[in-house]
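S.K.: Protein chains in written order, with the numbering used here: chain A, 1 to 224; chain B, 1 to 614.
Just so you know, these hints were derived from the structure itself, not from any lab.
Idealized CB from N, CA, C, for every residue including glycine.
Among the hints, erroneous ones may be present.
[What the hints assert, rightly or not] So these bits of chain B aren't anywhere near chain A, every CB distance computed over 12 Å: (1) Ala-70; (2) His-190; (3) Ser-294; (4) Tyr-369; (5) Leu-398; (6) Thr-512; (7) Val-577.
[Said to hold, decoys possible] 30 Å max Cα-Cα, derived DSSO-like pairs, lysine-lysine: (8) Lys-207/A with Lys-81/B; (9) Lys-242/B with Lys-146/A; (10) Lys-242/B with Lys-397/B; (11) Lys-385/B with Lys-242/B; (12) Lys-146/A with Lys-397/B; (13) Lys-122/A with Lys-242/B; (14) Lys-113/A with Lys-273/B; (15) Lys-81/B with Lys-113/A; (16) Lys-146/A with Lys-281/B.
[Unchecked claim] Footprint (simulated), chain A over chain B, 3 or more residues, beta carbon under 8 Å: (17) 179-188; (18) 257-265; (19) 307-316.
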Amino acid sequence: MTYLESLMTTFAVDLSLRPTTFDLWHVCLAGTVVVLMAVLILLLLVMLLSRSRYKKEINTKTIQPIQPIEPVVKIVEKIIEVEKIVQAPIPEPVILKEYTPDAALQMLGLLQKEARFIDFLKEDITAYNDADIGAAARVVHEGCNKAVNEHFSLAPIRNEQEGSNITVPIGFDASAIRLTGNIVGIAPFTGSLIHKGWQVTEVRLPKLTQGHNPNIVAAAEIEL
Amino acid sequence: MNSPNPQRFTVGIDLGTTHCVMSYADLTNLENDEFLQHVMPIPQLSAPGMVDDYLQLPSFIYQAHEAELAEGVAALPWTNKPLHLVGEIARNLGSKTPIRLVSSAKSWLCHSDIDCKAPLLPTGAPEEVERISPFQATVAYLQHLKSAWQHQHPDTPLEQQDVVITVPASFDPAARELTVEAAKNVGLGHAILLEEPQAALYSWIEKNHNNWRKQVHVGDIILVIDIGGGTTDLSLIAVTQKDGNLEFNRVAIGDHILLGGDNMDLALAYTVKAKLETEDKLLQPWQFQALTHSCRDAKEKLLTNMTMDVAPIIIANRGSSLIGGTLRTELTRAEVNNTLVDGFLPQVSASAKPVFRARTGLRTPGLPYAQDAGITRHLAAFLAKQQNATGELEDIKLAKNATFIHPTAVLFNGGVLKADSLANRLMNVLNGWLQDEQAPPARLLSGNDLDLAVARGAAYYGFVRKGKGVRIKGGAAASYYVGIESAMPSVPGIPPEIQALCIAPFGMEEGTQQELSNEEFGLVIGEPVRFRFFASTTRREDRVGTRLNRWNRDELSELAEIEVTLDKEGRRAGEVVPVHLCAAVTEVGTLELQAVSQKDNAHWKIEFDVRSGE
Numbered sequence: 001m002t003y004l005e006s007l008m009t010t011f012a013v014d015l016s017l018r019p020t021t022f023d024l025w026h027v028c029l030a031g032t033v034v035v036l037m038a039v040l041i042l043l044l045l046v047m048l049l050s051r052s053r054y055k056k057e058i059n060t061k062t063i064q065p066i067q068p069i070e071p072v073v074k075i076v077e078k079i080i081e082v083e084k085i086v087q088a089p090i091p092e093p094v095i096l097k098e099y100t101p102d103a104a105l106q107m108l109g110l111l112q113k114e115a116r117f118i119d120f121l122k123e124d125i126t127a128y129n130d131a132d133i134g135a136a137a138r139v140v141h142e143g144c145n146k147a148v149n150e151h152f153s154l155a156p157i158r159n160e161q162e163g164s165n166i167t168v169p170i171g172f173d174a175s176a177i178r179l180t181g182n183i184v185g186i187a188p189f190t191g192s193l194i195h196k197g198w199q200v201t202e203v204r205l206p207k208l209t210q211g212h213n214p215n216i217v218a219a220a221e222i223e224l
Numbered sequence: 001m002n003s004p005n006p007q008r009f010t011v012g013i014d015l016g017t018t019h020c021v022m023s024y025a026d027l028t029n030l031e032n033d034e035f036l037q038h039v040m041p042i043p044q045l046s047a048p049g050m051v052d053d054y055l056q057l058p059s060f061i062y063q064a065h066e067a068e069l070a071e072g073v074a075a076l077p078w079t080n081k082p083l084h085l086v087g088e089i090a091r092n093l094g095s096k097t098p099i100r101l102v103s104s105a106k107s108w109l110c111h112s113d114i115d116c117k118a119p120l121l122p123t124g125a126p127e128e129v130e131r132i133s134p135f136q137a138t139v140a141y142l143q144h145l146k147s148a149w150q151h152q153h154p155d156t157p158l159e160q161q162d163v164v165i166t167v168p169a170s171f172d173p174a175a176r177e178l179t180v181e182a183a184k185n186v187g188l189g190h191a192i193l194l195e196e197p198q199a200a201l202y203s204w205i206e207k208n209h210n211n212w213r214k215q216v217h218v219g220d221i222i223l224v225i226d227i228g229g230g231t232t233d234l235s236l237i238a239v240t241q242k243d244g245n246l247e248f249n250r251v252a253i254g255d256h257i258l259l260g261g262d263n264m265d266l267a268l269a270y271t272v273k274a275k276l277e278t279e280d281k282l283l284q285p286w287q288f289q290a291l292t293h294s295c296r297d298a299k300e301k302l303l304t305n306m307t308m309d310v311a312p313i314i315i316a317n318r319g320s321s322l323i324g325g326t327l328r329t330e331l332t333r334a335e336v337n338n339t340l341v342d343g344f345l346p347q348v349s350a351s352a353k354p355v356f357r358a359r360t361g362l363r364t365p366g367l368p369y370a371q372d373a374g375i376t377r378h379l380a381a382f383l384a385k386q387q388n389a390t391g392e393l394e395d396i397k398l399a400k401n402a403t404f405i406h407p408t409a410v411l412f413n414g415g416v417l418k419a420d421s422l423a424n425r426l427m428n429v430l431n432g433w434l435q436d437e438q439a440p441p442a443r444l445l446s447g448n449d450l451d452l453a454v455a456r457g458a459a460y461y462g463f464v465r466k467g468k469g470v471r472i473k474g475g476a477a478a479s480y481y482v483g484i485e486s487a488m489p490s491v492p493g494i495p496p497e498i499q500a501l502c503i504a505p506f507g508m509e510e511g512t513q514q515e516l517s518n519e520e521f522g523l524v525i526g527e528p529v530r531f532r533f534f535a536s537t538t539r540r541e542d543r544v545g546t547r548l549n550r551w552n553r554d555e556l557s558e559l560a561e562i563e564v565t566l567d568k569e570g571r572r573a574g575e576v577v578p579v580h581l582c583a584a585v586t587e588v589g590t591l592e593l594q595a596v597s598q599k600d601n602a603h604w605k606i607e608f609d610v611r612s613g614e
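Could you build all of it, start to finish, from the sequences and the hints given here?
M.R.: Below is the structure:
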């Protein structure tokens, strides 16, 4: 208390008193008032501006159905599009390979030629008994086998017995080995070989001449 | 790798009756004694518009109708429009349109009754089908092989490589000459001929280069049995010793037997057809074609897989309905054994002879197919006929009681003998004969690829000709004679007696010639003169100039006549010029006959291929 009292006695407030000269304290006081006023005006201005902008947007939206042909509206739409493009640069462009159909058509033709493949598939087999279908299936099986063996070299991916236990090392080729079932933990994985897999080690497709039409997988045959 | 010399290859061409194969090896690094060989894949059309690579080029030509193929579907890697459709496509198209298919051209080359340069194939085709000669067909196959080589080896033209072409041992001088001429036609005038059974043995030596010396010994007689698609070819090769080194001598060749794997497939198809007919199922021609194909596949399964007793045979409908019209039957092991093993390789005695009978039944007009399908009978006759084949070789001792020559080793060749049951039967029959005469059984020399061995061996022969490895001594495959009318008063109705004058002895070496200077003929300038021409594969003792007054029918066989025309150049027509005959076996492997003027040493070539104009 003694400190406060002493303060009061040293700086006693007398409201009847008026400053006759500007001292340092009053200059500072006046400066602060001016600065605060400037800040207040600025804030008010910003508020006003943002408000008016928001109002404008609402206005355009309400106008849109009334004047759909207005050029101004189109421009706004364009702006939105630009914003979309700016937002999308994150994912890498995906390029899906698209093969020419020639090789596929060629293979169809070969299977038809050797195995009567398309004839077999296109025939309604419900009308025939199993013995007839079985006889035809031999033609198809034998022919497909011939066509595939002639044009591809096939090898199993894993040479182990199916059903045996296999350890898959770290960094295995996930396209050649598919894990299924209880996939947890980290490699090396151990599991049972369900299917040994097949891979083509060599392709020997016939070359095609310029005049060849690959869409004809079997020519119509007319005996004279 | 930057050797200053251009690469040089030895190339072997197996010009087969049903397939051609080409094999090659690099000769650039001869010093290393390394022989690394390849069988060349041959690009060919397999269907219109499709070019495939196969190791074999089927020896077929298809004479397509002009409207039959679309534009640009007959292109090959080296040409947009080949002169002939050759190979797989020809066989495929021809199986549906046989009237346009040229096949077995090679067998026609050795046919003594026709002119091989006359357009006569396909035989039996309608008038409008363009025909080609057996000679042209041979040229077409060689042209295809050459183009395929050129396409794959653009920097090493085939003309500059060492080329060896194989021919059957039983090819007569005219057929050999035609083969060389066909090669000349495609720019391969330097090609050398090699007999197929020899090529098979060369391939065996090459395959067993580490240990073949352990498998054959001095005194061995190797019997080479080559049963291909269309022909059966037999040869005997004796192993002797000279200065401590092994030597091979081809001591005998068999007759040209038109009998092979195709006959077997056909026989099976007829068996199955007969079986179907008992079930009242009559086959149409196209079904019979398909049946022959299916029988071949079924046969291969039954002959290689001993656990199978029945192989299904399916003849699919030609229309798009596969299931409805399919004809189903089966081929049993018993049928295969009866038809093939007992039919083609019957268990006969060593004294058996092929049966000759009047020609009846089905056969392609023209080709002299073997009448007796019993290959073992042909083999027995061959071994009996060649009993004294090794008489002149000191290292070979034949048992005193032998009734036939005793082979001590056997080498197989040709696709037919890939089937174990056929190979085993052949060995059993042969060893049965040997056992009857208390001779040890013959060993089987194995390790050859029966389809590709001839081409491989031919390429290896190019290596041997560079002084590497062992060479088989061959020489003339037979002794040759010209017929001379004996001077005696003519008797009406009886042809003048004829004598056979030996002009080239058996085994006459390549690159040698013999003149018959004391036998003089008077030839008239400008007039063609013909001689009857004979060959013998058994008379080894005859020398040049030997005259035979009589001979057994199976000792000498008559070949096509030979002809010489003395051109008029510088002489008066009608002038009689005294000449003598001169025979040479060329380095290439052909026989060359010449008439030599006694006066001024002028030479005229005596032509073999004079079957035209008859």
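S.K.: Run the C-beta distances from Tyr-369/B to all of chain A and say if the shortest one exceeds 12 Å.
M.R.: 29 Å, holds
S.K.: Would the pair Lys-207/A and Lys-81/B pass a check requiring their Cα atoms to be no farther apart than 30 Å?
M.R.: 16 Å, holds
S.K.: Minimum C-beta separation from Ala-70/B to chain A exceeding 12 Å: can you confirm that?
M.R.: 6 Å, violated
S.K.: Compare the distance between the alpha carbons of Lys-242/B and Lys-397/B with 30 Å, and conclude whether the hinted pair is satisfied.
M.R.: 16 Å, holds
S.K.: For Leu-398/B, is the shortest CB-to-CB distance to chain A above 12 Å, so the non-interface label stands?
M.R.: Since the minimum Cβ distance to chain A is about 49 Å, Leu-398/B lies beyond 12 Å and the statement holds.
S.K.: Beyond 12 Å from every chain A Cβ: check whether that's true for Ser-294/B.
M.R.: About 9 Å separates Ser-294/B from the closest Cβ of chain A, which leaves it inside 12 Å; violated.
S.K.: Examine the segment 307-316 of chain B: at least three residues should have C-beta closer than 8 Å to a C-beta of chain A.
M.R.: holds (count 3)
S.K.: Within a Cα-Cα threshold of 30 Å, do Lys-146/A and Lys-397/B meet the stated pairing?
M.R.: The given pair, whose Cα atoms are some 51 Å apart, is violated under the 30 Å limit.
S.K.: Next pair to validate is Lys-81/B with Lys-113/A; report whether the Cα-Cα distance is within 30 Å.
M.R.: Since the Cα atoms of Lys-81/B and Lys-113/A sit roughly 24 Å apart, the hinted pair holds (cutoff 30 Å).
S.K.: Measuring Cβ to Cβ, find out whether His-190/B lies farther than 12 Å from everything in chain A.
M.R.: 32 Å, holds
S.K.: Check the hint pairing Lys-146/A with Lys-281/B against an upper bound of 30 Å on the C-alpha distance.
M.R.: Cα-Cα ~29 Å, so holds.
S.K.: Regarding the assertion that Thr-512/B does not contact chain A, is the least Cβ-Cβ distance greater than 12 Å?
M.R.: 49 Å, holds
Consistency note: the structure conflicts with the earlier hints numbered 1, 3, 9, 12, 13, 17 and 18.
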